[in-house]
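> Residues per chain are reported as follows:
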Amino acid sequence: MITSQDSLVPLTTYSGVIPEKRELTTRPRFSDKVFRAIVTSGGFTSLIILGLIALFLTLQSSTVFRQFGLHFITGFEWSQGDPESGAPAKFGIGAMLIGTLVVSMIGLMIALPISVGTALFINYYAPDWLRKPLTIMIDLMAAIPSVIYGLWGFFILMPHAVYWAKLLHKYLGFIPIFRMPSEIYERSPFIAGIVVGIMIIPIITAITREVFSQVPLDRVQAAYALGATRWTMIRAVVLPFGASGVAGGAMLGLGRAMGETVAIYLVLNLYFIPNFNILFSSGGNVASLIVSKFGESEDFELRALMAAGLVLFVVTLLVNFLSDLIVKRTARKGR
Amino acid sequence: MVEINSKIEPAQTNEIQSEPRSKSRQENKMQETNQVASLASVAAQTSRAINKFTPGSGFETKNVHAWFGKHHALADVSLEFPSNTVTALIGPSGCGKTTFLRTLNRMHEFIPGAAMAGQVILDGQDIYEPGTDVTKIRLKIGMVFQKPNPFPSMTIGENVLSGLRLAQLKRSNKEELMEECLTRAGLWNEVKDRLGAHGGSLSGGQQQRLCIARALAVKPEVLLMDEPCSALDPGSTLRIEETIRQLAGSIIVVIVTHNMQQAARISDYTGFFLSDGGPGQLIEVGTTNEIFSQPKDKRTEDYITGRFG
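Protein chains in written order, with the numbering used here: chain C, 24 to 358; chain G, 542 to 850.
These are computed hints drawn from the structure, not numbers from a lab.
One or more of the hints may lead you astray.
[To be verified] Heads up, simulated EDC-like pairs for lysine to aspartate or glutamate below, C-alpha to C-alpha not over 20 Å straight-line:
1) G:Lys688 x C:Asp241
2) G:Lys688 x G:Asp767
3) G:Lys688 x G:Glu782
4) G:Lys677 x G:Glu762
5) G:Lys603 x G:Glu621
6) G:Lys611 x C:Asp151
[As the list claims (entries may be wrong)] To spell it out: a stretch of chain G is covered by chain C in this simulated footprint if at least three of its residues, at any positions, have a beta carbon under 8 Å from a beta carbon of chain C; those stretches are:
7) 643–654
8) 680–690
9) 696–707
10) 751–763
Ideal placement from N, C-alpha and C gives every residue a C-beta, glycine not left out.
Could you build all of it, start to finish, from the sequences and the hints given here?
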């Protein structure tokens, strides 16, 4: 016979008192501490360098921003002024920002289909013996200095590209961007865009190829088992899976195109006029502005160039941030 | 050279099945709860589709060999699959049964270095004949894989119809087809209200039935299944087994399974594969009843009684 109900209460009964959460710690060993210090310093170094660059540019260019304010970004003039006649200095990089955008977008439009096509070819169409050499060749393209691309673009590509530009103008001239204020086709954003496009092919190809090679084999086989052709399989399986990688690669390519300097300096005709007629010989980008003015400028103009550098720095950061966002958003689908 | 006489005899046509299959399956289930049924009794109690046997159904293999590079994985398999039947392929790991299955719809050749010899004949045509459009072959001979693999970028409905898109087939009554395939795969009631949801939102068992529905939508004559239940819980397995039995009324099903109970439950014919260190071979094939009650080969008996494998 049971006399006391209490004795039957199991030991694990919930008392109703919530205990304080315990701190979960461990004592690291000495070797672990050393390693931690090394990797931590490594990790922070890049952050510190990035921060110092931003700080340096901000300090150096602060007077420029104070004087011109937003006009520095929206203005279309660049002159040191004339102390004799008393004309004031005017610095505005609006035309250069537009040029940066125009040239980068042309480059991206040319590079993206070629890169995605190349990546698909390497992964799904190329015979085995061709895969590795082709990959290495494309990676090698990234190792060619940009001044070489610039020279090639100027001397070899330009004569042909001028002919293409004339064709575009003749047959598609009704589209605003293909209009010509006057018939000068050399050194146009179109040609610079082609050069930049070729320059960013390797990076976009490398990233998309990597993503495409990670497509789960079971999905590929499922598609083939349903009677898919290579192309329908790619459309149904590879492209949805790789969309985020393609977007990421495109954004990285865009970032690189925006910072491209020497090649554009060689190929493009630098004018401080906003130009959306991509076939017309006028343009420029922020980076080529800096490199073209840097050698001969002093004092205030130098600071204005620093300010232009800061703007480019911020825009590039924004593009990278945006690419991250796009990659994350597209990654949720298709995986 | 090992000679294997593996022609399936059109035997036991007197075994006439009058009851609907599902009912006898339920009875079968009840008996299993009362006693631990031996494989032989499971095999004996399962109603068969033997009465539907028509000789020369049109799907057979002749002297099939398979290699991975220099490794000879499969030797000399000749097998005939009667129409409207389920054939189970059993045997220990590495015996070549999955390799054999993958030679049947030319998925074997996706593996680099893979090679084959022999013939796989569907409707009188060798599917390895030079000049054959392999995509058309795979339309006629569908496949369900070990791991459920619906396309995650597509909705449930799109998944079912994905074969039409992939094979670039035109069809007008897509809604009807979708319902028909999902019903045949035993999934319609569970998903009819959320055909727009993504395939990944289903449970593993539902995903596998979605894959079966997807395979059925292109109207295959043969459905190959590579351990379709090995990644699933017993409840889902039961549903898929019911689905397979229903499919057997209209198409040829070839299923690779490690689960001998499953082979005994669902198949009309069973083939036993074994590798003795060399290439895998088809040791014995016969009606599932025979294989599980009185196997002719000692090795088959050892395997099904659990002495190895």
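> Just pull the numbers of the violated hints for me, sorted ascending.
none
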